[in-house]
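Student: Sequence:
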Amino acid sequence: MTTTGEDHTTVPTGPWWWARWRGAVLDGSLALVSALECGAEGVPFARDAGIPAAVGVVFGVLAGSVLLVRRRWPIAVVLVAIAITPAQMGFLLAIVGLYTLAACEVPRRVTAALAGMSLVATMIVTFVRVRQDMARGDLTLGHWFVPFAAVTTSLGLTAPPLLLGMYVGARRRLMESLRERADSLERELQLLAERAEERAEWARNEERTRIAREMHDVVAHRVSLMVVHAAALQAVARKDPEKAVRNAAVVGDMGRQALTELREMLGVLRSTEGQVPAQVRERDAVPLAAVGVAAAAAASRAAGGGAEGPCLSELDELVGQSVAAGMAVDLSVEGEVRSYAAEVEQTAYRVVQEALTNVHKHAAGAKTYVRLAHRSSEFAMQVENEPPPESASASAAGLPSGGNGLVGMRERVVALGGVFVSGPTDAGGFRVSAVIPAS
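Each residue of the sequence shown is one higher than the last, beginning at 0 in numbering that gives the first Met the number 0.
Just so you know, these hints were derived from the structure itself, not from any lab. Mixed in with the good hints, there may be bad ones.
Unchecked claim - Cut-off 27 Å, straight-line C-alpha distance, at most; resulting in silico cross-link-like pairs (DSS-like, lysine-lysine):
#, residue 1, residue 2
1, Lys238, Lys366
2, Lys238, Lys360
3, Lys242, Lys360
4, Lys366, Lys242
Claimed, not checked - Computed Cβ-Cβ distance ranges for the label pairs, DEER-style:
#, residue 1, residue 2, range
5, Asp425, Pro240, 40 to 48 Å
6, Glu193, Val119, 13 to 21 Å
7, Arg237, Ala426, 18 to 26 Å
8, Asp315, Pro436, 21 to 29 Å
Only a predicted model underlies this, so the values are computations on that prediction, with no experimental measurement involved. From the three backbone atoms N, C-alpha and C, an ideal C-beta is built for every residue, glycine too.
With the hints as extra help, turn the sequences into a complete structure.
Tutor: See the structure below:
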């Protein structure tokens, strides 16, 4: 089946091969007019051919009715029009057939061949008829009029419908192409919207994890030390009141520090919470990541007490806090001490901090070794503890654990392209090791 493209993209609702009833009514009307025309022209054709007039009329009606199938078989319509050209009938059939042929999706070489045949047939018939009229004396013009009339008539009946059909077909195909492109763009935009929503959800989850990790690292260490000091305070409250007072002061200081840091982080989260809706309406997922980064940065500032977060120079103070809580910590540094990028120093500090916190929780009283190594292109750290004494196991059991410490350390180190390894030692202790690229 060959279509003109007129109803190519519509849902078929008409009878037979018509996409719509409107097309069927139009073709039926054209076929009726063409049948009446060819039937009327069949009378002189029958007289010239020496056959009964009724035969000529029937022949003309049948030939003109072929226009009814112009959308389904346009080539057949044009061939019929060419075939009845010598009988001087089917002018409407030829014009509409050529238009339909040029507008439909028939190969151009076939259209050109049929149009050429129609042009030549019309030219020959017109030439012969005009010459006969001049020979009978019906026309008194010069001999130049014969070829002129043949050429102009053939071009007038062939070129306009052919060019109009080519224009309509090209425009129709262009509209279909634009429609398909619009549909494709709509699908792409929908896909991009879905991906943007996925990225927004991923950003939200990522920043939740990051904020939770920051809060864990900031608060857990100080709270763990508070629990250790509280246990020591309980043990020496009656035996050594002065030491109990000192431990109580330490617990109070650490509690205030933890509360201040927690208040700062929650304050940042509350301040950014009101900014999210307006930003989300503007740029979808980007503000979510910005909010999370701001909160994480605030957490880092809260942890370190400064503008850039904790750094390696504060490790001595961190170790001192653990020593004050009763832990035996041996700190050793290898290589030439130098400064690193802020994120490298923050990550190194957090790893050591969380490792010491785990010792307080799970191996209270155990001898702990903190080793730092400054190398040419990387910074390495290791926190290893010996097996805890049996007398300290009870106190260690009183410290809860969320099971996220090692996961958070690994995420921090891997995010900077480093290597993180943790696990028990052969002696019964536990070791945490990390290597972070220097840049």
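Student: Each hint should be assessed against the structure and marked as holding or not.
Tutor: Hint-by-hint comparison with the structure:
| no. | hint | in the structure |
| --- | --- | --- |
| 1 | Lys238 to Lys366 | holds (25 Å) |
| 2 | Lys238 to Lys360 | holds (25 Å) |
| 3 | Lys242 to Lys360 | holds (23 Å) |
| 4 | Lys366 to Lys242 | holds (22 Å) |
| 5 | Asp425 to Pro240: 40 to 48 Å | holds (43 Å) |
| 6 | Glu193 to Val119: 13 to 21 Å | violated (60 Å) |
| 7 | Arg237 to Ala426: 18 to 26 Å | violated (36 Å) |
| 8 | Asp315 to Pro436: 21 to 29 Å | holds (24 Å) |
Hint compliance for this structure: hints 6 and 7 are broken, all remaining hints hold.
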